[in-house]
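Chemist: These protein sequence lines are chains E and V, in that order.
If you count the first sequence from 1, position 69 lands on 69 in our numbering, and the numbers rise without skipping.
If you count the second sequence from 1, position 17 lands on 17 in our numbering, and the numbers rise without skipping.
By construction, these hints were calculated from the structure, which means they are not laboratory data.
Zero decoy hints are in this set.
Label-pair ranges, simulated between beta-carbon atoms:
(1) Leu151/E <-> Phe260/V: 50 to 58 Å
(2) Asn180/E <-> Gly236/V: 52 to 60 Å
(3) Ile250/E <-> Tyr244/V: 26 to 34 Å
This one's a predicted model, so the numbers in the text were calculated from it and none came from an experiment.
Using N, Cα and C, we set each Cβ at its ideal position, and we do this for glycine too.
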Amino acid sequence: MKNLHILFVLFFINIQLVNGQSDSSFHLEIRFVNHLISRGSYNEASFVLEGIKPESMSQEDSLNFLNGWVLYTQKDLAASVFYLSKVRTESSFYEKSTFFAAYNFAYLNQTDSSRNLLNRFSESESNTIRAMENFQRAGISLLDRQFDDYLGYSSSFTGAFGVMAREEAKFNEYYERIKNYPKRSPVIAGLMSAAVPGLGKIYAGKPAEAISGFLYVGAMMATTYDFYNRQGLKSPFFIISAGLTSIFYIGNIWGSAVAVNRTKQEFNYEIDQRILLDMHIPLRNLFP
Amino acid sequence: MKLISVFYLTCIFLCGTFSLKAKCQLKKDFFHVADSLFIEGKYFESALAYERIYFFSDDPEIRTRANLARARALKQTGEFSRARNDLQRSLNFRGNPDLHYQVMYEIAFCDYMTGNYASALSVLKQMEHFYGDLPAWNDAMVLYALVYIMMENWQDAFDKTLELIELRSPDVLKADSLIVKAMALYCECRQPLIKSAKKASNLSTFIPGAGQVYAGYPGKGLINASSQLLSLGVTGIMVYHNLYISGFIIGLGMFQSFYFGGIKQAAYLANQFNLEETLYYKTLLKDFILEIDNLKVHE
Chain E
1 MKNLHILFVL FFINIQLVNG QSDSSFHLEI RFVNHLISRG SYNEASFVLE
51 GIKPESMSQE DSLNFLNGWV LYTQKDLAAS VFYLSKVRTE SSFYEKSTFF
101 AAYNFAYLNQ TDSSRNLLNR FSESESNTIR AMENFQRAGI SLLDRQFDDY
151 LGYSSSFTGA FGVMAREEAK FNEYYERIKN YPKRSPVIAG LMSAAVPGLG
201 KIYAGKPAEA ISGFLYVGAM MATTYDFYNR QGLKSPFFII SAGLTSIFYI
251 GNIWGSAVAV NRTKQEFNYE IDQRILLDMH IPLRNLFP
Chain V
1 MKLISVFYLT CIFLCGTFSL KAKCQLKKDF FHVADSLFIE GKYFESALAY
51 ERIYFFSDDP EIRTRANLAR ARALKQTGEF SRARNDLQRS LNFRGNPDLH
101 YQVMYEIAFC DYMTGNYASA LSVLKQMEHF YGDLPAWNDA MVLYALVYIM
151 MENWQDAFDK TLELIELRSP DVLKADSLIV KAMALYCECR QPLIKSAKKA
201 SNLSTFIPGA GQVYAGYPGK GLINASSQLL SLGVTGIMVY HNLYISGFII
251 GLGMFQSFYF GGIKQAAYLA NQFNLEETLY YKTLLKDFIL EIDNLKVHE
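Isolated chain V (complex conformation) (with noise of 0.2 Å):
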C-alpha cells in the first residue's frame, strides 16, 4: 500500500518537474530562434517570432521582454508606428521597474522617431517621474535633449544638454569646454532668425518684390518687380494706341497675375527661410548632442 502511495507520488512530481523544465526550455527555445533571426538581420521574421512568444506566453514579464524585443526588430524596418502601438500593450506591467522603464523608453523613442514630438516629451516627463533615480535614466537625457531641440524649445534644450555635458564628460576641463560650447551655441545670436510671413507678404502688397527681399531672396524679389513693371509698361503702350480693351485684359490681366503671385510668393519663401534655418540651427544642435553621448562610448 505504502509502496503503491510512493510510486504514484514520485510518478506525479518527475511528470509535474519535466513537464515545467520542458515548459520553460520551450520558452528559452522560442527566444533563441527570434534572436537568431534578428541577429541574422530578418527582422520581419524576428519581429514574428517576438509576437508569437508574446501571445502564447501567460507570463506578462515574457510578453513585456518578447514585446520590447519585437519592437527592436520593428525598428530596424523602420516601422516605429507599429512598434509604438504594440509596446503600448506592456505599459500596464509594472511587475519589473526595468522592463517598464524600458517601454516607456522605447514608446518615447518611437514617438520622436515618428515626428510625435509633444507624446515624447510626455513620455520622456513620465519616466523623470516615476524612474528619474533609476541609473538608466541618464540614458534618456540624449532624447529628452534632442526631443525640446525638435520641438525649438531652446532654453530646456539647453538645460537638457548642460545636464548631459555634466553626466557624460570624463573630467572637468573636457565639461568645460563643453560647457563654452553649448553656451555659443545656444547663444541668442546664433539661434535662428524667424521671420514673419505676414510682414513678407505685407510688404509686397506695397513694395513689389520688398517681401521677397525682406524673406531672403532679393533675386526673386527683382524677378517679381520687373514682371510688375513690364506688364504696366505693356498696359501702358496698349493704352497709348488707343488699344483699351486689350490693354485692360491683356496688361492689366498679367499684373493681377504678378501682383497678386508677388504676395503669395514672399509669404511662402519667408516660411521657406525659417524651414531651412531652422533645420540647419537644429542639425547643428543634434550633432553637437550626439559629440556628448559619444563621449560615453570612448570612456
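Bound-form chain E, shown alone (with noise of 0.2 Å):
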C-alpha cells in the first residue's frame, strides 16, 4: 500500500512537470530558434522569431540577443546592431551582444558608436572583459588612424589573455605599417611619367601598369616619329598619329597621379579589412 502511495505521488510529480514544461513553451520554441540557427536556417529562425511573444524582461533580452545574432550571421549588421544594443545588463547574453554590436558598428564605419556601446563595459569587475575592452579599443583607434589614442591601450597589452594574445601582437604589426607608408605625391608621380612614360606609375607602386604604359604609349611614339620622318608634319597619318599618342601620353601623366592616391586607398582597404578581423577572432574566442 505504502509502495502504490509513493507511485501515485510520484506519478502526479511526473505529470505536474510535464504540464510545467508545456507552460514554458517559450523555452521551447528558443530551443528550436537554436536548432534553426546552427542547420543555417536563418530565414527560418527569423520567422519563428518574429512570433514569439516575450512575457518578461528577461525574455525580450532572449529574443533581441537571437535577432541580432540571426542578422549578424546574415550579414545584416545595422539591424543587427538595433537588437543586440537593446540586450539590457542583467541578461547573461549582455556582454556578448554588446560587443558583437560595437564591433558592428565598427565594421560600419561607425566608430563613435562603437566607444559609446564599449564605454558600457568601464567599470567591469571582469579582467578578460577589460582586456578586451580595451582590445577593441586599439582596435578601433588603428581603424581611425588615431595613433596617440592607439599607443595608450596597446601599453596596456600584456599578452596574458590567450583569446587574444596574438592579435595584440599583429594590432603593433599594423601599426608600424601604417606608420612606415611611404608618402608619395601625386604631381612627382605626374612629373616623372611625363619624363619617361610609365616611371610615375612604378614610383605609385603599380610596376605592370607602369610596364604596360609605356609599351602603349612608347609604341605610338615610334609610329608617329615614322610617320613624321617619312611623310613630314602635314601628312594627316602623321597628324592623327599624334594626336592619338598625345591622348594617350596625357593620359598616363593623369593615370601615375590617380595611381598613387589609388595605391594608397588599396592599402588602406586592406589593412583595414586585417584589423577589423583581428578584432572578430578574439571575439568567437571569448564568445563562442
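Two chains, two frames, some hints: make the complex.
Modeler: As C-alpha cells, this is what we get:
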C-alpha cells in the first residue's frame, strides 16, 4: 500500500512536471530557434522569432539577442546592432551582445557609436572583459588612424590573455606598417611619367601598369616618329598618330597621379580588413 | 483499503491513457497544420512546420516522415540542395524500408536537380541493391535513365530506357513501337558528333579560319581569315611606303591579335558546338523518357 502511495505521488509529480514544461513554451521555441540557427536556416529562425511574444524582460533580452545574432550571421549588421544593443545589463547575453554590437558599428565605419557602446564596460569587474574592451578600443583607434590613442591602449597589451595574445602582436605590426607607409606625391608621379612614360606608376607602386603604359605610349611615339620621318609634318597620318599619342601620353601622366591615391586607398582597405578580422577573432574565441 | 488501491490505479490508468492519446493527437495536429500550409502553397511556412515536428518528436519514424514532407516543401521553393542536406539526417533510419527507400529516392532526385549526377547515380545503385525487389523501385527507373542521359552514358541510358518501356507499356504492340523509336533515338548516327577543341585550334594555327569552319561556324571562320589577311595587307602597304616601324607596330600588332584570337575562338566555338548539340540530344531523349513515363498515368 505504501508503495502504491509513493507511485501515485511520483506519477502526479511527473504530470505536473510535464505540464510545467508545456507552460514554458518560450524555452521550447528558443531551443527550436537555436536548432534552426545551428542548421544555418536563418530565415526560418527569424520567422519563428517574429512569432514569439515575450512575457518578461529576461525573455525579451533573449529574443533581442537571438534576433541580433541571426541578423549578424546574415551580414545585416545595421539591423543586428539595433537588437544587440537593446540587451540589458542583467541578461547573461549582455557582454556578448554589446561587444558584437560595438564590432558591428566598427565594421560599418561608425566608430564613435562603437566607442560609446564599449563605455558600458568601463566599470566591469572582470579582467578579461576589460582587456577585451581595451583591445577593441585599440582596434578602433587603428581604424581611425588615431595613433596617440592606439599607443595608449597598446601599452596595456600584456599578451597574457590567450584569446587575444596573437592579435595584440598583429595590431602592433599593423601600426608599424601604417606608420611606415611611404608618403608619395601625385605631382611627382605625374612629372616622372611626363619624363618617361610609366615611370610615375612605378613610383606609385604599380609596376605592371608601368610596363604596359610604357609599351603602349612608346609604340605610339615610335609610329608617330615614323610618319613624321617619312611623310613630314603635314601628313594626315602623322597628325592622327600625333593626336592619338598625345591623348595616351597625357592619359598616362594623369593615370600616374591618380595611381598614388589609388594605391593608398588599396593599402588602407587591405589593412582595415585585417584589423577588423583581428578584432573579430578574439570575440569569437571569448564568446564561442 | 482495497477501494483506495482501485481508486489510485484507475487514476493512473486514465491519466496515462489520456496523456498518450493527447500526445498522438498533438502530432497528428502538427502534421495536419503543416499539410494544410503545403496545400495552400505556403511552402516556406510548411517546411518550417515539418521541421518543428522533426525537432520535437522523439519517434524516428515520425521524424523521417516529417523530414520527407519538409523536403517536398523545400523542393517546391527550388531549394534542392537544402532538401538533400536535411534528408541526409534520416538516412540512418532503417525501421521502415518504404520510408528509407523514399528518403534515398528524394536524395537521388535532389542530386539530379542540382546537377550532381555522379552522386545521384551512386544513390540509385544503392537503392537498386537494397530495394530492387520492391514494386516502388520501378518508379525510380525514370530517374535512373535521366541520370544516365545527363551523364552522357548513352549505352546504359538505352538499357534503362528498354527496362522502362517493358515496365510501362500497356501491350506488346505499344512496346514494340517504343523499342523501335528508342533504337532510332539511341542509334550512333543520332548521337551528337563531338568536335575536338584541340583539333579546332590546331587547324586555325595553320590555316586561318579553318578551325571555326570545322567547329561548324564557317561565317566566323571567314571573318577571322579576312581580318588576318587585311592586317597583313596593311603591313605590306606600310612597308611598301617605307613605314617600317609603323608597319611593324600597327600591321603586325593587328595581325597577331587576329591570329592568336582566332586560335582561341576556334577552340571556344568547338566547345560551344558540342554543348549545343549535346543539349539538343539530351532534350530529345528526356522528352522520350517522359513520354514513356506518361503511359503509366494514362493506364
